[in-house]
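The primary structure of each chain is shown beneath.
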Amino acid sequence: MRGNKDEAFAEYFIARSDTMRATAYLLCGDWHRAEDLVQVAFTKLYLAWDRVTRHDSLDGYVRQTLIRSFLDERRLGWWRRVRVTGTLPEPDPISYPPEDRLDLLAALATVPRRQRAVLILRYWEDLSVEQTAAMLGCSVGTVKSQAARGLAALRGRLTLIGIEDA
Amino acid sequence: MNEDELRAALRTTMTVTAAPPSMNAAAALSRGRRAQVRQRAAWIGSGGATALAIFAVAITATAGRGPALVAGGPPASPMPTVTGIPAPTATGTKTVWPTGPDGSPQEDRTARAGAQYDKGKKLLEDLVGAVPAGFGVPDGPDARYHQAQFEDTIHGKDIWSFMATAQVTKDGGTGHVAVEVHAAGNTFGVPTGCALTTQFWGMDGHCRPVTVNGVQIGVVDRPTTDDRFDQWAAYRYSDGTVVFVAQGKTLMSALGTPPKSLTDLPYTVDELAALSMNPAFHVA
Chain H
470 MRGNKDEAFA EYFIARSDTM RATAYLLCGD WHRAEDLVQV AFTKLYLAWD RVTRHDSLDG
530 YVRQTLIRSF LDERRLGWWR RVRVTGTLPE PDPISYPPED RLDLLAALAT VPRRQRAVLI
590 LRYWEDLSVE QTAAMLGCSV GTVKSQAARG LAALRGRLTL IGIEDA
Chain U
96 MNEDELRAAL RTTMTVTAAP PSMNAAAALS RGRRAQVRQR AAWIGSGGAT ALAIFAVAIT
156 ATAGRGPALV AGGPPASPMP TVTGIPAPTA TGTKTVWPTG PDGSPQEDRT ARAGAQYDKG
216 KKLLEDLVGA VPAGFGVPDG PDARYHQAQF EDTIHGKDIW SFMATAQVTK DGGTGHVAVE
276 VHAAGNTFGV PTGCALTTQF WGMDGHCRPV TVNGVQIGVV DRPTTDDRFD QWAAYRYSDG
336 TVVFVAQGKT LMSALGTPPK SLTDLPYTVD ELAALSMNPA FHVA
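Line order of the protein sequences matches chains H and U.
For the numbering used here, add 469 to where a residue sits in the first sequence, where the first one is 1.
For the numbering used here, add 95 to where a residue sits in the second sequence, where the first one is 1.
Errors might be hidden in some of the hints.
Unchecked claim - Straight-line C-alpha distance at most 30 angstroms; calculated DSS-like pairs for lysine-lysine:
1. U:K265 <-> H:K613
2. U:K252 <-> H:K613
3. H:K474 <-> U:K217
4. H:K613 <-> U:K216
5. U:K214 <-> U:K344
6. U:K355 <-> H:K613
7. U:K252 <-> U:K344
8. U:K355 <-> H:K474
9. U:K216 <-> H:K474
These aren't lab readings, by the way, just hints derived from the structure by calculation.
Keep in mind that this is a model prediction, so the values were computed, not measured.
Construct the entire structure; sequences and hints are all you get.
Put into structure tokens, the structure is as follows:
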């Protein structure tokens, strides 16, 4: 039994951990912290494996654990100390201006955490408003307003640093 | 930057960002196994008999029910567990919301009773009361809505926002009006005029200043692409309270075809600017 579970868990980890890490990276802007969040989420998944019997819902379980770990206020102090661009690896040598990429990440980091989570779930994960509300445990109206405010905050920040037109 | 542009920018960013090597599955599996050993040790240490009793109750309570996962995620309520390791929805990662009128923390950001709830309710009454003569305001939960929402705790003070919306009807057409108030201490900062108005819901539009009693109010009189409202205005009180008011000819409908639109908006641009300064909307 354990062999089957371990094998299935490892296969799932190989298939999905990169994707989950990307989401975590957009949330926190730091690869090391992103991997911490992924580790927490997958460890909890391992413990819950037998209970999460619908394997097509594994993504949702991991994603929600990851998001909620990110939003955990007990870790707030840590997040505020993180330098958003301090540990980025060298980008691929293609023509996209690296400073724009860094500016987007830096601007995202200034958006309040809950609004940022809504933005990432809606526009990176492409979850619906209803799915996002369920994942965050709030109302549909709250998701809409948080998304709007998050976009406004992001736009304001990008305007300040000259990426968006005023 | 609108929604589509953000979606594209996120993808571009992740495409051009070099990620570290993939994480090691064997290491993840090892961590999982170690956590399980700790979990079992904690279970034994905490008293197996008690845990078994809880387990029996949980099995009984959930008999015949599936895991009821939402959006591909965990159940809305914590799944039965006999260990010290919480499910994702358990209190270990849960935000502590403000205390409600019953002395218990709220379930989420929205106040469903109590003083803050009542402020949202009164805001709706004041919004309806300010609708110009000649327009009707249908009754019912679909036509009128209010919400009080906890925003954040800043410098030890709970900051709230309040929103109210109402459908308005005239000559067979249906539109809507809205007011959103961010109580003093909010994070909007000091902008006024168009700089403030254009922060409403992230909507873009043509904004022009309108002077009301010597105060310049920014009014967006023509949205750029967003069609949630046709016009909106904002006013910031000296104590920092921010009021947004908005009106639209067309009721947005998530399901089916929206009803016939209003021919004319309820307020002129000048009236909408003045409405943002309505003292009834200054919710403290």
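Evaluated hints:
A threshold of 30 angstroms between alpha carbons decides the hint, and for K265 of chain U with K613 of chain H the separation of about 28 angstroms falls inside it, so the pair holds. The suggested pairing of K252 of chain U with K613 of chain H holds, with an alpha-carbon distance near 25 angstroms, which does not exceed 30 angstroms. For a cut-off of 30 angstroms, the pair hint linking K474 of chain H to K217 of chain U is broken: about 55 angstroms separates their Cα positions. Taken as a hint, the K613 of chain H and K216 of chain U pair is honoured in the structure, with Cα atoms around 20 angstroms apart against an allowance of 30 angstroms.
With a C-alpha separation of about 27 angstroms, the suggested pair K214 of chain U and K344 of chain U falls inside the 30 angstroms cut-off, and the hint holds. For the suggested pair K355 of chain U and K613 of chain H, the alpha carbons sit about 24 angstroms apart, so the restraint of at most 30 angstroms is met. Between the alpha carbons of K252 of chain U and K344 of chain U the distance comes to roughly 38 angstroms, so the proposed pair goes past 30 angstroms and is violated. Pair hint K355 of chain U plus K474 of chain H does not hold up; C-alpha atoms about 57 angstroms apart against a cutoff of 30 angstroms.
Between the alpha carbons of K216 of chain U and K474 of chain H the distance comes to roughly 52 angstroms, so the proposed pair goes past 30 angstroms and is violated.
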